[in-house]
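Chains A and B are the protein sequences, given in the same order.
Just so you know, numbering that gives the first Met the number 0 puts 185 at position 186 of the first sequence, and the rest follows in order with no gaps.
Just so you know, numbering that gives the first Met the number 0 puts 63 at position 64 of the second sequence, and the rest follows in order with no gaps.
Keep in mind the hints are simulated off the structure, nothing from the lab.
Glycine residues also receive a C-beta, built at the ideal position from the N, C-alpha and C atoms.
Fair warning: there could be bad hints in the mix.
Keeping only pairs whose Cα atoms sit at most 30 Å apart, straight-line, the calculated DSS-like set for lysine-lysine is [claimed, not checked]:
no., chain 1, residue 1, chain 2, residue 2
1, B, 360, B, 373
2, A, 276, B, 20
3, B, 176, A, 229
4, A, 276, B, 98
5, B, 20, A, 225
6, A, 281, B, 176
Now the stretches of chain A that chain B is said to cover, found in silico as 3 or more residues with beta-carbon under 8 Å [stated by the list, open to error]:
no., stretch
7, 150-159
8, 202-212
Over 10 Å on every C-beta distance to chain A, these chain B residues come out as not near it, computed from the model [what the hints assert, rightly or not]:
no., residue
9, 70
10, 129
11, 343
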Amino acid sequence: MDELKNDNQHAMSLYRSAVRLLPACLRVTSRRALVTSSARTKDHDLHLPTPAGPLGTWATLKPRPEKYVDTEADIDPSVTDPLRHPDYFGVRQLFTMSDLFDARVHLGHREGSLNPYMAEFLLGSRLGHCVFDLERTAQLLRDALNFTTHIAYRGGIIMFVCRSPQHVHMVERTAMECGEFSHCRHWPPGVFTDSTALFGGVTRLPDLLVLLNTLDTVLEQHGAVKHAAKMLIPTVGVVDSNCDPRLVTYPVPGNDDSTTAVRLYCKLFSEAIRRGKAEREKSAVV
Amino acid sequence: MSLGREQAGQVQQRPAKNTSKAMMAYLERATKHEEFMRKQVHEFEIGKRHLANMMGEDPEHFTQEDVDRAIEYLFPTGIFDKKARPKMRHPTEVFPQQKAAQFDATGRPFHTLFYTLKPNFYMTLYELVEKMNQLDRLQAKNDALGKLPDITQKLSLLGSEWLDIEELGKMLVETLKEPQYQEFVRAMNRLVEHPLAYHHKDFIFKYRKMLRVSNETDTVPELLFDSAGRPYMEATGYRKRAVARAVVHGRGSGRVTVNGLPLVHYCHRDGGRSGNQDVAQYDGPTQRYHGKRRRGHRKRTSFVPEPWKRPHPVQAPSSQAGAVRHAVSLALRSFVDKEMQETMRLAGLLTRDVRERERYKPGKKGSRKGRTWKKR
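In isolation and in its complexed conformation, chain A is listed as follows (with noise of 0.2 Å):
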């Protein structure tokens, strides 16, 4: 635990150094206080709504009431319900700080394409580019990669899309190694929403969507994230500066475009699975 809060702090003088650089105008004093339009774009305002409130995303709201999470809880599974323990199978170890740094995860597009509803998850931006706060992203992609876990460990079908053509062929490879789905093709608009005509009969449909990114070829948002929150499915997605966060249960502010940053996201996400499976084969749950 020590050498992980040394390997943070180093991560994090790394990145407090990178904000210094920032030039004052644009280095934001509080987080919600962030205006995207530079000294250039001062004649239009963007009209933000404020990130606090009831505009904001799930991500701003706490992700659960504290009552029913039980922080001083033993990891010994005969004592403690996995669902009240904060981190019952350690995803928090799969990653640090430099890890994300280094695979460029903190890095947004232009300030142009910037969705006002990412706003709330940036640092701000350096000449143009918009920058996430890895702080934020590491916190929410623990709670990602724990509800994937969880998802797992009580033998939920989980799918993955992708729709960014250097990707897909490495995220269905993914889906394959730890024996989950993927789709990473043209989205028939009915695959959920009117599967049983589609399938030819009743099919169970996934229990939770891992989007890689949530974005189509096309740069409109991903039918899946419409289509699994009509039928009640839950979402991990990496939000992208330029995405739409709101209908996403678990964003992760973050880059989806860099082949390193989607390999970190394949390789955290496969070995999150990985765990749930092995404590499921352990405990035989039904």
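Could you slot chain B onto chain A? The hints should help.
Then chain B, alone, in the frame of chain A:
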């Protein structure tokens, strides 16, 4: 996680304790389908036996060919399209093959790409990319060692073409759409272009069909020899309703007889002679051959119309000449070399002219000419 292709399999007899709704629905469907197929197969077998009895043949050894012949005899039809004609086939050929259970008792699918709706197709694309990456890695390794690709093993795609969309769909038991098929062809072409593609020859040729090099029905028959040792050839030619049987003798006198009469006496009109002149032009030394031809006509098996619409009983001279030309050309094929045979084929001497007299239509004078149009 099974990544293989689906095979038609047995239905699970006993569902597990925690059977999902999906599995229950599938079991219901599958049992219904099996019941239906059993009934169809039973009816087919009984029908086959009845048919054999009707035809007076042994029901035990009644093959599919016998069935086809019997159906053709009992239900004569003039329908042009062969697929529209009546036929009696085994139910497994008639009803489309259904995929076996795609998921286990808990409803969890077997195939990792199940939710794409075309798991076999997209698995093929995945394997393709995997092989491309393999070849790239191999090439990088070879470049490091200074090894060049083996030119002797270079893939030759001559004489074969990619399976078309229907054949591919049948192979994968999935109906494909045009854009998906185009994507597949483009991807396969990219794989083939790789200098080391010969390592995956089996994979590539699984999706290629060999083109027929030559028409099997066009094997040129060997020369026959008569008692005197002279080579000769017989052939039958057709044109409209005329049938001509030609016997061409090698090392001959050059005399040509038609129905016993010399050629000049039979072909008193230009229409008759032209066909034969064409043959003579192509086959240069016709003097070396002499031929006997017999003309006749072919009777129609379907209904015979009114007298003024019946075809001429012995057929007009030019169609007879066309039949003779066809017969002589086919006979002469055995005497000449391959080059000349090809020249004859290109000239159209060996093709049976399928043009027939167009049928009369009511409301018209003949096949096309209309009745007099009056303005009022």
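Legend entry - Earlier hints that do not hold, by number: 6, 10
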